[in-house]
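Peer 1: Order-wise, the sequence lines are chains A and B.
Here our numbering is used: the first sequence runs in plain steps of one and ends on residue 329.
Here our numbering is used: the second sequence runs in plain steps of one and ends on residue 270.
Hints in this document: simulated from the structure, not taken from any laboratory.
Check the hints yourself; a few may be wrong.
Okay, derived cross-link-like pairs now, SDA-like style, lysine to any residue, Cα gap no bigger than 25 Å in a straight line [stated by the list, open to error]:
1) A:294 <-> B:135
2) A:214 <-> B:224
3) B:250 <-> A:153
4) B:204 <-> A:173
Sample of chain B residues at the chain A side, in silico, Cβ under 10 Å [as the list claims (entries may be wrong)]:
5) 115
6) 207
7) 209
8) 254
A virtual CB, placed ideally from N, CA and C, is assigned to each residue, including glycine.
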Amino acid sequence: MKTAIYILIYFFSSPAFSQTISETDISKLAVRVSQQMKGVDIGDGVKAKGCISLERTLIYQYEVPDYWEAPNNIKEEIISNLKTAGVANTYFLENIDVEFYYYKGNSLTKKVSVKSNEFSTFDFTLGEYLSIKDHPKAKEVNLKLKVPVGWEVKEGDRPNVVKKFVKDANTYLITIKNNVTFFSRKQMRESLQEDNYVKEFVQEVSSVLKNPQVIDQSIVTIDRYPAVQFKIKGGMENSGLTIPIIMRCWVVFYEDKIILLQAGGIDNPEFRALEQLYFLITNSVIFPEQYN
Amino acid sequence: MRKYFYTDGVNKFGPFSKDELKSQKITRSTKVWYFGLEHWTELNKINELNDIFVAIPPELKPLNTPFIKQIELPENNFLVKPIQVQLKTKKSKLSKYVIGIVVLIVISFVVIRLVQKQSEANLYKEIVANSYEADEKFDIYVEKFYRDLEVYGIFPKKPKTTIIKLSRLDQLDNTTHIHGLSFGHNDDSRIEIYINPSSWKQFTRPMRYFLMYHELSHDVLNLDDLDIKLENEGKLMYPEISSYEMKSMDDFIESFHSLFEQHAKNE
């Protein structure tokens with residue numbers, strides 16, 4: 038039922054550095070799309086009725102003939118076709134849900150709802166564990182974590198960067214530095230109660246950015262070790278061009294080491310989409326020594 | 004009228020009448036003789052001179068020296084037969100015993116120390132002879148130890164000589180502390196530690212840290228082992244580290260922090 042799932046796609050190009058579009062933008066988009074598609078015969082007796090928006094949902098409406106019946110796999114076909122057309126990723130990155138309404142006369146005969154994350158073209162599958170045990174830059178830290186499928190594992194270029202996972206302009210770095218002395222988990226949790234103590238670490242990581250801005254910050258636990266989790270953004274000057282950078286970081290306090298897990302990229306919707314993957318990677322971290 | 008003679012043991016004096024004898028420098032034990040008496044006889048044994056004897060006060064007893072105690076026994080209402088008993092003071096006897104015991108202890112101590120020293124020297128030679136370089140990076144523990152001391156404001160001089168080797172301590176005689184031995188105790192010119200390879204292999208990571216910081220505390224801070232008491236269990240200087248199998252790195256960290264903090268206060 039090719040005609041049944043055929044839709045008019047009118048969208049806009051998403052500049053690389055743009056922010057997520059607002060609900061107002063979505064509403065304006067719906068009006069423009071509606072104007073363009075209204076009354077268009079898209080074949081097999083199916084006509085476009087229009088497009089409306091509700092918050093962050095775009096609703097495409099169609100008039101179908103009486104003999105029309107929705108195929109069983111209509112949702113899968115719609116997602117597949119949109120991915121092929123290259124617009125699925127935009128829905129995903131812009132966090133726009135899409136619904137398709139099929140009418141016979143005035144009665145709604147079929148409704149298909151697709152959440153934005155169902156349009157994702159990113160693979161959030163994690164692969165095998167990577168261990169940094171005995172790595173020359175690991176400073177005796179025994180840590181392992183899962184590498185996302187499709188990402189390349191590289192050696193760190195800088196002195197304290199042990200490994201990095203890379204895909205396009207996105208990176209996930211594992212950096213290990215020495216702390217001033219050993220701290221037990223209990224001692225460190227107590228220290229992290231002090232805002233100034235936490236601030237120091239956040240500021241140190243932020244110092245690589247121009248006009249850094251802390252978006253969020255919290256104390257978390259990573260495989261039973263205390264950590265500071267935060268998101269920062271700012272500019273990074275390169276060859277005269279300042280690129281907006283955003284980073285999701287975890288500073289883990291492990292014995293007498295500071296482990297920085299740092300995911301970063303250009304401040305665009307792609308980073309926000311990938312943030313979920315970064316959480317998954319960090320969530321896979323294991324410090325095996327404590328279980329020996 | 005009877006004439007009396009007396010002697011001081013060297014010279015004899017007399018003759019004296021009984022009245023004249025009374026005024027002489029005689030004592031109750033002065034020997035007296037008169038014609039008709041077979042031997043020189045002590046004054047107190049001559050009945051007819053009893054009135055002189057009674058008039059002479061007894062001799063003074065010197066303090067802390069043997070003296071003659073005279074016990075006078077009545078005989079027909081007269082004190083006629085003094086009995087001489089040789090006695091020593093209790094205090095004097097006690098002093099001799101104490102001195103004897105002290106001398107014995109000192110001699111025993113010296114002998115034991117000599118034997119111990121010889122034994123230690125032999126043990127040291129044996130340990131050194133059987134020692135060998137390890138693949139382990141023991142210097143990392145030393146670096147961390149000094150780093151952590153500095154955090155507590157303790158700055159011991161770092162010796163130029165650092166020897167940390169493996170040696171089969173469990174195959175030696177006369178050793179009780181078989182996991183590690185420090186020979187740099189009270190010697191700031193060197194760190195010298197020998198680790199038992201079988202212990203090292205068997206030990207968990209926290210136990211290895213416990214052992215290394217324990218031996219380094221002996222060696223660098225000159226600290227002694229704690230007594231094997233329940234209250235000391237878990238502390239860094241507790242000697243039975245082999246019982247620390249369930250200890251974590253957190254236990255080790257808090258244990259050495261506590262020791263260093265105390266040591267810094269004492270300094």
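Peer 1: Could you check the structure against the hints above and give me the numbers of any it violates, in ascending order?
Peer 2: 1, 2, 3 and 5
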